[in-house]
Amino acid sequence: MKISAQDKALDLSYCLNIHRGESWRENLGAIEEYVTEVKAQVCPDQPFGLGLRIGDAASRTLTDPSVRAEAKAMMRDLDLYAFTVNGFPFGTFHDTRVKENVYAPDWRTEERRDYTNRLTDIMADLVPSGATGSVSTVPCSFKPWIKTEEDIERMVCMICDCALHMHRVEEQLGQYVHLGLEPEPCCYLETTDEFLAFYKDALLQKGTRYLAGKAANPEALLRRHVGINFDCCHIAIQFENLDESLERLIREGVLLSKIHVSAALACQPEHVEALAPFDEPVYFHQVKAMTEKDIKSWDDLPLFLKDLSHERGLDEIRVHFHVPLFWEGGERLDSTNACMDAAFWKRVRSGVCEHLEIETYTFDVLPGELRKSNVVESIVPEFEWALDRLNGTA
Numbered sequence: 411m412k413i414s415a416q417d418k419a420l421d422l423s424y425c426l427n428i429h430r431g432e433s434w435r436e437n438l439g440a441i442e443e444y445v446t447e448v449k450a451q452v453c454p455d456q457p458f459g460l461g462l463r464i465g466d467a468a469s470r471t472l473t474d475p476s477v478r479a480e481a482k483a484m485m486r487d488l489d490l491y492a493f494t495v496n497g498f499p500f501g502t503f504h505d506t507r508v509k510e511n512v513y514a515p516d517w518r519t520e521e522r523r524d525y526t527n528r529l530t531d532i533m534a535d536l537v538p539s540g541a542t543g544s545v546s547t548v549p550c551s552f553k554p555w556i557k558t559e560e561d562i563e564r565m566v567c568m569i570c571d572c573a574l575h576m577h578r579v580e581e582q583l584g585q586y587v588h589l590g591l592e593p594e595p596c597c598y599l600e601t602t603d604e605f606l607a608f609y610k611d612a613l614l615q616k617g618t619r620y621l622a623g624k625a626a627n628p629e630a631l632l633r634r635h636v637g638i639n640f641d642c643c644h645i646a647i648q649f650e651n652l653d654e655s656l657e658r659l660i661r662e663g664v665l666l667s668k669i670h671v672s673a674a675l676a677c678q679p680e681h682v683e684a685l686a687p688f689d690e691p692v693y694f695h696q697v698k699a700m701t702e703k704d705i706k707s708w709d710d711l712p713l714f715l716k717d718l719s720h721e722r723g724l725d726e727i728r729v730h731f732h733v734p735l736f737w738e739g740g741e742r743l744d745s746t747n748a749c750m751d752a753a754f755w756k757r758v759r760s761g762v763c764e765h766l767e768i769e770t771y772t773f774d775v776l777p778g779e780l781r782k783s784n785v786v787e788s789i790v791p792e793f794e795w796a797l798d799r800l801n802g803t804a
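Numbering (my numbering), first residue to last: 411 to 804.
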């Protein structure tokens, strides 16, 4: 849906990765069953934007122009339009152990590059003529997997190949599509500092050399087509100020490809036992804890819970478990939704990023007391929460 922001319109949706399904047929089923109901409650009188999730299997189906034509016809009939796609999870994302596998294949591989190029081609066709499409992706890799300079060089080359492909698509079709690397705890890119270091020192410098002779102005090409997918949950877990982080990125000329409006789980050390119900086997739930001197880190919640017997001096714990935006916490648990404060929303309303997406994919693994009776009943109040702040009424 379109949101007015000063002199431009922003697109707001929710990410369809909340729904099960790896095939395009299953994706269509989710749109017809759930998205139409959300639209009926959130914006019945205007077109509703789609935050698509297209995995590898679905992307291969959508290489067929006739399938894309059918998809566009369906969108017209249902008063929907595409503007962004989650290209982070390559394979199965529900009902099985995902954990660190969500980062594979990473940006060292041709497999990740080629998959992302397919998403670019799909979005260039599905996005309304003259509109912009965005693709979000993994933060290069899982941090323990990157061990050498050759690993970094390889990631830069694959990302540059993708940016060049996006550039050629824009030249040939007139459709602008850009890529957002999504920093996440315990990944190669997890903090604003790490993102900026990679962006300036690796991507722009090494990438400009790699693209020399392939494009007239390699740095401009990279700046236009590669930026950040700013996930509020992920940045808050690092105990960063969201508005200050955005300001730094803008000051460095980084493209804000998309903002994920999302919240993380938090608690005080005296209540850590309340985290136990969130220890589930499907997703990675990285943990960060603030201490007097630094921030401590665990790759997953069960590792943190195992270490509790000898941990001392923790001030606050934040967990990579996406909780519903409207959930304000309770007596023992909290949410980082307050990190999206007045300054953050003022900046968002200024139009610094065109694409906004609610992303709370954890519905199926939420403890019972946090879960609504069905997924639509959870998504709709998330829109209401976000719209109140986008409209300046909360």
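Any given hint could turn out to be false.
Cβ pair distances, simulated, as ranges [what the hints assert, rightly or not]:
| hint | residue 1 | residue 2 | range |
| --- | --- | --- | --- |
| 1 | Ser783 | His681 | 23 to 31 angstroms |
| 2 | Val477 | Pro679 | 49 to 57 angstroms |
| 3 | Asn784 | Leu713 | 28 to 36 angstroms |
| 4 | Glu721 | Gly623 | 50 to 58 angstroms |
| 5 | Asp603 | Lys509 | 23 to 31 angstroms |
| 6 | His720 | Thr519 | 21 to 29 angstroms |
| 7 | His681 | Glu480 | 45 to 53 angstroms |
Since the hints were derived computationally from the structure, they do not count as laboratory data.
This one's a predicted model, so the numbers in the text were calculated from it and none came from an experiment.
Here a beta-carbon is modelled for each residue, glycine too, at the ideal position from N, C-alpha and C.
Against the structure, the hints:
1. Ser783 with His681: 23 to 31 angstroms: Once the Cβ atoms are compared, 27 angstroms apart, the range 23 to 31 angstroms for His681 and Ser783 holds.
2. Val477 with Pro679: 49 to 57 angstroms: Holds - the Cβ-Cβ distance for Val477 and Pro679, about 52 angstroms, lies within 49 to 57 angstroms.
3. Asn784 with Leu713: 28 to 36 angstroms: Since Asn784 and Leu713 have Cβ atoms about 33 angstroms apart, the given range 28 to 36 angstroms holds.
4. Glu721 with Gly623: 50 to 58 angstroms: Because 53 angstroms falls inside the window, the suggested range holds.
5. Asp603 with Lys509: 23 to 31 angstroms: Roughly 26 angstroms apart at Cβ, these two residues keep to the hinted range, so it holds.
6. His720 with Thr519: 21 to 29 angstroms: violated, 39 angstroms
7. His681 with Glu480: 45 to 53 angstroms: holds, 51 angstroms
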